[in-house]
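Chemist: Given these sequences and hints, build the entire structure.
Residue numbers (the working numbering), protein chains in the order written: chain A, 1190 to 1284; chain B, 111 to 225.
Careful: at least some of the hints might be erroneous.
What the hints assert, rightly or not - Ranges between beta-carbon positions, derived for each pair:
1) A/1215 / B/206: 17 to 27 angstroms
2) A/1215 / B/122: 34 to 44 angstroms
3) A/1221 / B/176: 22 to 32 angstroms
Unchecked claim - Here are a few chain A residues that face chain B, going by a calculated C-beta distance under 7 angstroms:
4) 1253
5) 1268
6) 1276
7) 1277
Simulated from the structure, these hints should not be mistaken for lab results.
We put the beta carbon where it would ideally sit given N, CA and C, even for glycine.
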Amino acid sequence: MPQTAPDGPVASAIRAKLTAAFAPQRLAIVDESRLHAGHAGAREDGESHFRIEIVSAAFRGLSRVERHRRVNAVLAEELAGRIHALSLDVRDPDA
Amino acid sequence: MSDNPVFQRIQSEIDGNDVVLFMKGTPVFPQCGFSSTVVQVLSILGVKFKGIDVLSDGDIREGVKSFSNWPTIPQLYVKGEFVGGCDIVREMYQSGELHDFFAQKGIAVSAPQAE
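Modeler: Right, here's the structure in full:
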């Protein structure tokens, strides 16, 4: 996992919200903004493009669409503003 | 359903076409990597679809997000059912589920099932 850099302020907020909402067994938040520098929606200070991998028992029994919707709902504020692109891998511990 | 006129336009698109992809750019010239990925998956499977460029229609661009309760583009609909965005389409393709899903929906798939 290329989870090396410390969280920026946006990633920290994302981590706090997802941790509170889902008590995940695993949570990786990767800022991929550098890969998109100069693209539409990219910001000079980064933290615009994220990839999130989250594993939580809270997602048991839910369809893929419903899992993503739960995560998107928790991050609605960020998705409406700061986040330009979000790639999600949402699983339950049995998968 | 709401009386939002954009919702009616979106509904008529997904009623009138078996496979509809709301995307940034066109199937020939996608303007976003996520949209491009879904176009590639559909092309590999040989599934015919209608691409709707949300960049050329701001009402659809915002409207489809609330219509689907989904905050991002692209969005794939099959026989009126919301399938998901890029991550879900890619996951389903890689696991072979997407191929089976199209078959179950009676959508012609020209590619053989992936090993």
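Chemist: Given the range 34 to 44 angstroms, decide if the beta-carbon distance of residue 1215 of chain A to residue 122 of chain B lies inside it.
Modeler: Check passed, 42 angstroms falls within 34 to 44 angstroms.
Chemist: That 22 to 32 angstroms hint for residue 1221 of chain A and residue 176 of chain B (C-beta), does it hold up?
Modeler: Distance hint for residue 1221 of chain A, residue 176 of chain B holds at roughly 27 angstroms.
Chemist: Was the hint right that residue 1276 of chain A lines chain B, CB cutoff 7 angstroms?
Modeler: Interface hint status for residue 1276 of chain A: holds (6 angstroms vs cutoff 7 angstroms).
Chemist: Falls inside 17 to 27 angstroms, the C-beta gap from residue 1215 of chain A to residue 206 of chain B?
Modeler: This hint holds: roughly 25 angstroms between Cβ atoms.
Chemist: If you take the shortest Cβ to Cβ gap from residue 1268 of chain A to chain B, is it below 7 angstroms?
Modeler: holds (5 angstroms)
Chemist: Under the criterion of a CB-CB separation shorter than 7 angstroms, is residue 1253 of chain A in contact with chain B as hinted?
Modeler: holds (5 angstroms)
Chemist: Let's test the interface hint: is any C-beta of chain B closer than 7 angstroms to that of residue 1277 of chain A?
Modeler: holds (5 angstroms)
In summary, this structure violates none of the numbered hints.
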